[in-house]
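Protein chains in written order, with our numbering: chain R, 1 to 478; chain L, 479 to 721; chain U, 722 to 1050.
Because the hints were derived from the structure by calculation, they are not lab data. Nothing here was measured: the structure is a model prediction, and the numbers come from that model. By construction, the Cβ of each residue, glycine as well, lies at the ideal position given by its N, Cα and C atoms. Careful, some of the hints might be misleading.
To be verified - Below 16 Å or equal to it, Euclidean Cα-Cα: the simulated EDC-like pairs (lysine to aspartate or glutamate) are:
1) LYS533(L) with ASP769(U)
2) LYS395(R) with ASP771(U)
3) LYS474(R) with GLU227(R)
4) LYS500(L) with ASP694(L)
5) LYS395(R) with GLU949(U)
6) LYS622(L) with ASP584(L)
7) LYS170(R) with GLU142(R)
8) LYS474(R) with ASP455(R)
9) LYS477(R) with GLU461(R)
10) LYS474(R) with GLU461(R)
11) LYS474(R) with GLU949(U)
12) LYS250(R) with GLU227(R)
Said to hold, decoys possible - Distance windows between CB atoms, simulated:
13) SER245(R) with SER878(U): 14 to 22 Å
14) SER878(U) with ALA363(R): 54 to 62 Å
15) SER245(R) with ALA954(U): 43 to 51 Å
16) ALA954(U) with TYR342(R): 36 to 44 Å
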Amino acid sequence: MVGYGDQALNAYRLMVAGLAVVVLVMIVGFTLLYSALSSLRGEVSSISRSLEDQARLVGELQRQISAQAETLRGLEELRARVESVERALGGVASARDLERLAEELGRVSAQLRILEGSVGAVNESLRSSLRDLLGRVEALTERVNVLAEQMLFPVTVVDGVGDKVVILRKPSRIVSLAPSVTETLYYIGALEALVAVDPWSDFPQSVRERRERGELATVDYWSPSAEAIAALKPDLVIGVASVPSHRALKSLLSQYGIPVLLLPDFKLSDVVDSLLIAGRATGRIVEAYEAVYKVELAIKYASLLASKAELKPRIAAVVWVKPLFVVGGGTWEHDMLELVGYNVYGDLSLWPQVSPESMLERAPEVIVMTSSYGMVGVEDLVNTLLETLGDAAYKIPALRDGRIYVLTGDYENAFVRPSPRTIIAIYVLLAALHPHLFDLSPAEIPRALSPETLDIIRILERIAPDPVVEVVRKGLKG
Amino acid sequence: MEPCTVSLEGVTVEVGGRAILKNLSVTINGGLTAFIGPNGAGKTTLLRVVAGVVKPSRGLVRICGLEPGRARRLVSYVPAFLQVDPYARVEDVLRAYSYGLSDGLDPREALRAFNLLHLEGRRFNSLSGGEHKLVLIAGALARKPRVLLLDEPFSHLDIANQVRVARILREATARGVTVIMTVHEPLYASLADNIGVLSSGELVAFGAPREVMRRDLLEKVYGVKLEEVRVGSRNLFIPEISW
Amino acid sequence: MVPPRTIIVTLFLLALLLVLFTLSLSIGAYRLYSPLDILRVVVGGGSDVDLAVIELRLWRSIAAISVGVGLAVSGLVIQRLLGNPMADPYILGISPGAALGYLIAVSLGLGLPLWYLLSFLGGLAAYSIVVVLASLAGLTSLALIVVGVSLSYVFSSASIILLYLLGPQAGFALSWIFGSVAYVPRSSSLTLALVVLAVLTVVVAYRGALTALLLGDETAKALGVRVELLRLALTATIAFTVSVITAAAGPVGFIGLTAPWIARVAYGADFSKLLLPTIVIGATLGLGSDVVVRAVGGGRELPLTAITALLGAPVLLYLSIRGRDVGRL
């Protein structure tokens, strides 16, 4: 069995050994191969990642390039417009020509600043040419304003009640009788000339500080004293058309030769008109047109956003809880409500007193209320409605769905004062009523709306064009 | 019915430190008593003390032996000056006099008793001065008081009404009501059973008309010269007026 | 004996009140209901909103009637207590005091419930000050009137100053001063009705003394009426009632003056005869004014005081001129 058997055994051993070697080799080989492969895959994925990055970079670069090309094109166009203003400035013959130039300059200036915000830090040459152009615009503005001072004054301005008000020289001592006036002056950069404000003018911060330091006198809002105002020796007093005593001041102060200008404060468009009237009266027409351009842009963008909403919610705006006062037609607040939705009390004029029962009839889906400087909240309105209507109060959709919002702080001021700051209120209302337009979920909208609870600037920065954000920021961070 | 005795003992009334009645004592045993005296002598205050409107600073007042506060049902008082709600109806005035009476009073009955039924339903301010007085006296008597206090019941009345009031008062005394009144006309004082003369818060005389109505006393009290005229059984006093 | 004419007038007023009550359920901002609709809704034939609206109007009408009756009876008592036909329940400073309390709460920026608490306390405080000062002069009717009227002007001055300090919101706060029952909570309607019932009970209890007072302080005192005590107790009762009414519905003018006047011109001065007509006239004026407010507002809510005088004054003028000498209605 040894001879033959041994051979067979050896052959068998050899086979096993060979097999083992093969298996070993395979194991080692496969291991090596696998590790090689896996490292290769890592390499490949990292390469593809970098490729993607590069593609993105390329895309971004392309976008930047195209944006810069656009900017460049825009810049060239603006340069042309600046140059045409420069040329035209030599041939200005009338105040009307000058105002037309100022309007163009204001628009150009606004657009340049918008470009300045959109140009990244990359293209130094672009930035420098932008800066150069802005410098030229500023110089032009200065020249236009100097010219305006010579040509416009004495200027005749038609104010908010249709009166022709004659202002002899560029005003250097201005009295503001209402917070909306002060805020309008702020937007055209005319605060320097202020000598007195009403007690409710608390924006921008600088006005409050100057008043606290005693650099600004205070005159009453409801019944400003003609004598106290005359004693300040102002060369322009600006009030609002809706306060009767401001009208009465006109004839009183005309005896002292002090012009009184009333800014219109009924419609949302009056905000724009007020900027222009105030701009003409103070000789700051370029700044006025620049502000108008931005405000109108912001309003247009808000309408554009609102038009994307599928439904226009039925809104009631409560401005006083007990007795119940709401926003009716013929007010800037009404125009704001109509911009973001539908004002259920729009058929009644001004700020009508209404019954709780009417809430059942008008069935608002959303109620927006003002806090009266933090005095009342959502629960006060809910309680008032429940106390009078009983459980039927829950038949009011806004109450049933818990869609009652209270505007407080700066947002309340922006809502109740017809100044360019109304833009803030418009966007706050838009965000509250149509959160999806801002990529917000309804849960992110607090019931009490104030800069502390809802950062409208941050929300706008995500989606809105820079000039809109800028107008809002200017109205909050004065 | 036995007349009710009204007595005052050492009654002093001070208002703001000024004595209006000074240590006054008098006892009235029924009948018709008149108090005369110049303006400010304290006549009205005397009635108010008895009526329980004013509490004396010192002294005692007794009506049928009771304090004024406990004798309200026994006393009726008609002040000189009207303070009556002008829109009150005549019957309202009478009903007002029923305050504090347990069984009330019938206004029609009271009006009929004084022949005033034609005034029913009339507004008080539409009546004449005489009718005012008559309605108030009718109300006061409708309470069926034991003591009737009247401040100047004859003022503002024409002659006919003066006679009418005088007759009503006399009839009341005949029924046993003690009537105490203040008067300015010596003529009507003379109708009284007793006359008290007040001067500066003091009772200077009290007694029958014949004893009290003396020219010297009256001249002293009023400080004017008087002429005495005798008409029938009565003495009249006419002031000498010279200018 | 009550003349038949008086009975007819009273019946007429009661019928008018019934008509007004039906109207008050039909008219309102939500929609108009015919009397038939109301019946259908009440027996369960309407939607639950219809039922809720009618219930809401019922509460509002209870408030309007309570305000009318409360002010009318308070006015009647005050006119008698002060012996002055031009007195109204607010003469003791209650309305300007309540307004001042309300405006203090508003201008201090206090919460909504405190506005009404402070107006209630303001009314009572004003009355207390008036009574304390008047009692220095012996609590006569003249002293009460003079002190009441002067202090009312003082409180009004303070209110006007506060209104000016309130700035742009002054208009809203001011509107409270003209009164309205549109915002009276249901619980307050009930409170109002109970308070008015309570004051009626007090007045009924004192009707004899109040009638005796028609003879004037002097005679009333002789009759045994403790005039000063009565004046103090009843003005305090009325101050409380009127302060409750004012806190709930604001100072509603003219009813407290007109309703008792009409009743007095028509019915004399006996409280046992006057009380029912005064209640009916007060209720008619209160509810009638509110019905007019609901009917003519056109979506707006008019203040009650805007209407009370328009409704009450013609009746008052007619009665005063026509009944001048006659003494009969």
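| Which earlier hints can't be squared with this structure? | 1, 3, 4, 5, 11, 14, 16
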